[in-house]
Amino acid sequence: MKKRLLFGLLILVLTVVLYSCSHMTMGVGLNFGAGPYGVGVTPSFNVGFSGGYYW
Amino acid sequence: MSLIKTRVFQLLVAVVLMSSCKNNSAPAIVSSPTNQYRTGEVVWRELVTPDPKSAAAFYSALFGWSIEPVKESTKGYMLIRQGGAPIGGIIQMPASIKNAGGEWVCSLSVSDVDAIVKSAQSNGASTLVEPMDVSGRGRTAVIRDPQGAPFALIRSTSGDPEKGTASENAWLWSELWSNNVAGSLDFYTKALGAGVERRRDGDKEYTLLKAGNKEVAGVVKNPVDNVRSHWVNYVRVSDPAAMVDKAASLGARVILKPTASVRNGTLGVILDPTGAPVALQKWPLR
Chain A
0 MKKRLLFGLL ILVLTVVLYS CSHMTMGVGL NFGAGPYGVG VTPSFNVGFS GGYYW
Chain B
0 MSLIKTRVFQ LLVAVVLMSS CKNNSAPAIV SSPTNQYRTG EVVWRELVTP DPKSAAAFYS
60 ALFGWSIEPV KESTKGYMLI RQGGAPIGGI IQMPASIKNA GGEWVCSLSV SDVDAIVKSA
120 QSNGASTLVE PMDVSGRGRT AVIRDPQGAP FALIRSTSGD PEKGTASENA WLWSELWSNN
180 VAGSLDFYTK ALGAGVERRR DGDKEYTLLK AGNKEVAGVV KNPVDNVRSH WVNYVRVSDP
240 AAMVDKAASL GARVILKPTA SVRNGTLGVI LDPTGAPVAL QKWPLR
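As they're listed, the protein sequences go chains A and B. Residue 21 in numbering that gives the first Met the number 0 sits at position 22 of the first sequence; the count goes up by one each step and never skips. Residue 89 in numbering that gives the first Met the number 0 sits at position 90 of the second sequence; the count goes up by one each step and never skips.
There may be inaccurate statements among the hints.
What the hints assert, rightly or not - These stretches of chain B come out as covered by chain A in the derived footprint (C-beta under 8 angstroms, 3 or more residues):
(1) 100–106
(2) 212–225
(3) 252–266
(4) 270–277
Claimed, not checked - Residues from chain B that keep clear of chain A, each with C-beta distances beyond 10 angstroms, as calculated:
(5) 49
(6) 52
(7) 81
(8) 166
(9) 184
Unchecked claim - Restraint-style ranges between C-beta atoms, simulated for each label pair:
(10) 43(A) / 110(B): 38 to 46 angstroms
(11) 45(A) / 117(B): 35 to 43 angstroms
(12) 45(A) / 284(B): 17 to 25 angstroms
(13) 74(B) / 45(A): 34 to 42 angstroms
(14) 3(A) / 125(B): 42 to 50 angstroms
(15) 244(B) / 43(A): 18 to 26 angstroms
(16) 4(A) / 36(B): 51 to 59 angstroms
(17) 204(B) / 37(A): 28 to 36 angstroms
(18) 5(A) / 83(B): 46 to 54 angstroms
(19) 5(A) / 74(B): 25 to 33 angstroms
Please keep in mind that the hints were generated in silico from the structure rather than gathered at the bench. Remember, predicted model here, so these are calculated numbers, not experimental data. Even for Gly, the Cβ is constructed at its ideal location relative to N, Cα and C.
For reference, chain A alone in the conformation it holds in the complex (with noise of 0.2 angstroms):
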């Protein structure tokens, strides 16, 4: 009997736990995927690109 309690009680805190603390995210982004450059590319910047002079 005490086996079975003991049994349920881990079943229980296991259960809770790993469903409180799966959503933890601090802050946003983390469903984010890749960044828009890939590791080790230095991709080509056109510099006819003139921007703007003004904010």
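Given chain A's structure and the hints, the job is docking chain B onto it.
Frame of chain A; chain B shown alone:
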């Protein structure tokens, strides 16, 4: 009776654990509450990167930013401060994403995150992170605009940072580098209610996104070949050429050295050691 006691005990344990293992928490975006909102403006920036430690070392050395892990974070969230004030964060990219570069994701202040997400979805955006309450921070969501550029929305519980003149090595500006400028402008005006203003100086044109009469960001044709649309964040520097060299010595890749043909040599663009683009801009321009 014994069974009831056991169940009560189990319930208590569950309650204690759930309250101690707090969901979705993050540091506030201001040191102390301002209770003021800069709706439509970029008020926060977070670097999503495969290597937060390397990124933190790089930005600390380049800009003198203070970057510390947040103790309460189990996932290594780092808070960036400049002059004691929080200016951004660093987030670990999931390890399952291989050979990925990092990206700075800017957060726009909005009054109703859920409403803007719905509006964005109905105008062709996809949702990367559904609206959620983040303890200590506010309500947030992350969306990808129809051209593929991700950005975040935030309604901070403690208000937005006060806007001041950017000091050296501080955030200066944000700019959308779009592969479809017309499509981007259509989206941001319809989904977020942004205004658009085009300014011309000789043969140089610049398009601004506005919130009321406030200039909040620029939109330009993506100058980089074969790269999806993305937001680029600008840091104010006094000597772009020297900062580009310094960045390179710290492991950055230089994609634009300051040159007279681009904003009179006042702009340098680098990829940090984890692949995230950052613009180094002398200000004022002339």
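Hint-by-hint comparison with the structure:
1. Coverage of the stretch 100–106 of chain B by chain A holds [criterion: at least 3 residues with CB-CB distance below 8 angstroms; count 5].
2. Note: the stretch 212–225 of chain B has 8 residues with beta-carbon separation from chain A under 8 angstroms; the three-residue rule is met and the coverage holds.
3. Requiring three or more residues with a Cβ within less than 8 angstroms of a Cβ of chain A, the coverage given for the stretch 252–266 of chain B holds, as 9 such residues are present.
4. Beta-carbon proximity to chain A at under 8 angstroms applies to 5 residues in the stretch 270–277 of chain B; the threshold of 3 is reached and the given coverage holds.
5. At roughly 8 angstroms, the least C-beta separation between residue 49(B) and chain A is not larger than 10 angstroms, which violates its mark as non-interface.
6. Under the 10 angstroms C-beta cut-off, the non-interface status given to residue 52(B) relative to chain A holds; the minimum distance is some 16 angstroms.
7. With a least beta-carbon separation of about 18 angstroms from chain A, residue 81(B) lies farther than 10 angstroms from that chain, consistent with its non-interface assignment.
8. The non-interface label for residue 166(B) is consistent with chain A: the shortest C-beta to C-beta separation is roughly 16 angstroms, beyond 10 angstroms.
9. Consistency note on residue 184(B): stated as away from chain A, and its beta-carbon is indeed over 10 angstroms from all of that chain's, at 15 angstroms minimum.
10. For residue 43(A) paired with residue 110(B), a C-beta distance near 41 angstroms keeps the hint of 38 to 46 angstroms intact.
11. Hint check: residue 45(A) to residue 117(B), Cβ distance near 36 angstroms, so the stated range 35 to 43 angstroms holds.
12. Here the CB-CB span from residue 45(A) to residue 284(B) is close to 20 angstroms, well matched to the stated 17 to 25 angstroms.
13. Between residue 74(B) and residue 45(A) the CB atoms are about 38 angstroms apart, so this pair conforms to the stated range of 34 to 42 angstroms.
14. Remark: the range hint 42 to 50 angstroms for residue 3(A) to residue 125(B) is upheld by a beta-carbon distance near 48 angstroms.
15. Between residue 244(B) and residue 43(A) the beta carbon distance is about 20 angstroms. The supplied range of 18 to 26 angstroms therefore holds.
16. In this structure the hint that residue 4(A) and residue 36(B) lie 51 to 59 angstroms apart at CB holds, the actual value being about 52 angstroms.
17. The supplied range of 28 to 36 angstroms is met by residue 204(B) and residue 37(A), whose beta-carbon atoms lie about 31 angstroms from each other.
18. At roughly 50 angstroms, the beta carbons of residue 5(A) and residue 83(B) sit within the given window of 46 to 54 angstroms.
19. Separation of residue 5(A) from residue 74(B) is about 31 angstroms and conforms to the stated range, judged on CB atoms against 25 to 33 angstroms.
Hint check: a violation occurs at hint 5 only; the rest are consistent with the structure.
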